[in-house]
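The primary structure of each chain is shown beneath.
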Amino acid sequence: MKKKNIDIPILMSGNEAIARGAYEAGVRAGTGYPGTPSTEILEALVSYPDVYTEWSVNEKVALEVGVGAALAGARSLITMKHVGINVAADILFTSAYTGIKAGLVVVSADDPALHSSQDEQDNRHYARAAKLPMLEPADSMEAKEYTKFAFDLSERFDIPVMLRTTTRIAHSSSAVSLMEPVKTSRVSGGFERNRTKYVMIPLHAGPRHIDLERRISEIAELAETLEINRIEHGKGSMGFITAGICYQYVREIFPEAPILKLGLVHPIPERLIREFNKQVDHLIVVEELDPFLEDQIKAWGIKAEGKKYFSNIGELSPGKIRDALIPETAPAPFSSTLKIPPRPPALCPGCPHRTVFKILNKLGYIVSGDIGCYTLGALPPFSAMDTQLNMGGSITIGQGMEIAGEKNVVAVIGDSTFAHSGITGLLNAAYNGRNELIIVLDNETTAMTGLQPNPLSGERLNGEPAIKLDYRKLAEAVGITDERFRTVNAYKPDDVEKAIIELKNTGKLALLVIEGPCLILQRKKKKK
Amino acid sequence: MKTIKNILMVGIGGQGIILASDLLTQTALNAGFDAKKSEIHGMSQRGGSVFSHIRFGSKIYSPVIPEGMANVLVALEEMEALRWLQYCGNQTELIVCQSRLRPANESEYPAGVAEELKRIFKSVRILDPTGLAEGCGGQKFMNTAILGVVANILDFPETAWKDSIEKLTPKGTAAKNWDAFLAGKNWSGEQST
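Chain order of the listed sequences is L and F.
Take the first sequence: its position 76, counted from the start at 1, is 76 in the working numbering, and no numbers get skipped.
Take the second sequence: its position 110, counted from the start at 1, is 1110 in the working numbering, and no numbers get skipped.
Bear in mind the hints are in silico, worked out from the structure with no lab data behind them.
A few of these clues could be false.
Claimed, not checked - Which stretches of chain L does chain F cover? Using the computed rule of at least three CB atoms under 8 Å from a CB of chain F, they are:
hint, stretch
1, 297-305
2, 308-322
3, 329-340
4, 488-499
Even glycine gets a Cβ: it sits at the ideal position worked out from N, Cα and C.
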């Protein structure tokens, strides 16, 4: 093997590289809500100097804080997983209208193959729907450089820029060379009053829509000549249009083929694609999930193929591309007839909240569940969760069931999720006279994503002390009286069972907090 | 020459695969190669199967090993070696630590795994975890010792390993990790080729 004698680059994950890119671009605010595979971006950003970072209570709040910071002149990075964009979508769409003054970059970390998610939605559709530019890096070095470029593009066109990653970009590591941070922001500090631009009443928003169409068309024009949309000339009958991790897979299998690699996946360059099409015999679009690029290319009347060969479900891989296009070159992999049992994820041995699910299973309630480690309570041996769709939905889905006549429902939610969007559900229950038992499993942290603090932890992202929400006062504030509120220790199963039964039997709205700090968190604190 | 080496490390959440694969990847970079690594973390922290793909060579595109193309399979748990056969073929050398961890929902560990591995792979190095742990300074240093075993196949300069061990292992443990690495390098485990 040939060895190159170069300065040794640093190994960085895509997430670490995005944080570094933001730092090099002079970012001043980083906000987000934890979610795989996006979490490590802010966890890396917090260690850089002169950057404010926070775990916001949810993604909508994170983006709102970010937009405010940008409007007042601070470059802002907002991070979340793909489904987080659903939560933040309201302000995402309208901030495209208003513009943002200082650079604003929203990271959407998509999760094809649902390694750790409730769906595998393709968030490129958001870029088109909200009329926002979207960049998609193909390795860690690009993740860093695209992040910097995204801030520049955002300020140049006064528009939020989406940076899309997928799990294989976010959680893969590759070589990155570092640069010093530069103050490249074109804007001056401070909020500049401009009501026709920033107050989106219909009278103002109509003209801003027209302006947004102008900005996104100008970006489409720029896309024709952008360096990150590049034709790599080559040999062979097949020519590929691809982006992100799929570029690496195609290059792996077709080292010599012509490729049009798109760095900007929305809007895409029509003239460049037509020119590339003229250079190749057989145009193939390689993309994970939906035929996002393929549909647009075909809509222009260009003959292309893509989903004919590749599934719109799950991830692609070098092997899948090889097997679909040149199956004759596939090696015969090993196989075995010896069956080995699967190792599904499970609640940790000794997890304080294991007993709760044993009890719920025994009591036989319909359990309206939520998102976090405790969702694993749905699996054997507990089998004690009956619905789980989205963040914060447990409390409100339970209310709907009650309206439809189900009496035997309890809602189960974790502390971070309760802060994220459970509290609004509690308020809705109180306001509309529901008689629901809400159980909060409080482990003092956001455990599933790797122990991020939240408003029930008493700590912030940077380790500073913070408020710890007082459940009792919250209950009192929504009219839950003392006999319908209880806090119990998760390690005392008899108390837990008694509390569940007694509160459920009140037949009224009740709040039960079952406390037991996450074991991994306790271990980590001991080490400190 | 465009030779690429593909190393697949597999095991169970909590066994330290992420640090071990970081060490290996950084060592490849130190040795002057292009290198990439891909893994999945999130839910798999909780006792699930975990894996890390490590690739190095003069230029690496995909961070994911193409199916059938692994050069080395390093299994930190015995039956996990069987779970990833689709990445393995005639060229794959197996290094397997004979730790046996029963999945939470199973009553027994499957029988005949070692025999099946020897039947399938042309080159197998089996490491006895008890002996290796004693020989390398304790359970904590076992992964570094296993990297020492891997080092014999990969032919990186020792300084490349030493630099990454000093840089990436927890503070105050570099010397002990280096000793464990050397112990692994000189380890004579059961081998059938």
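Hint check:
Beta-carbon proximity to chain F at under 8 Å applies to 0 residues in the stretch 297-305 of chain L; the threshold of 3 is not reached and the given coverage is violated. For a cut-off of 8 Å, the count of residues in the stretch 308-322 of chain L with a CB near a CB of chain F stands at 4, and the three-residue condition holds. Under a criterion of three residues with beta carbons nearer than 8 Å to beta carbons of chain F, the stated coverage of the stretch 329-340 of chain L is upheld, 10 such residues being counted. Requiring three or more residues with a Cβ within less than 8 Å of a Cβ of chain F, the coverage given for the stretch 488-499 of chain L is violated, as only 0 such residues are present.
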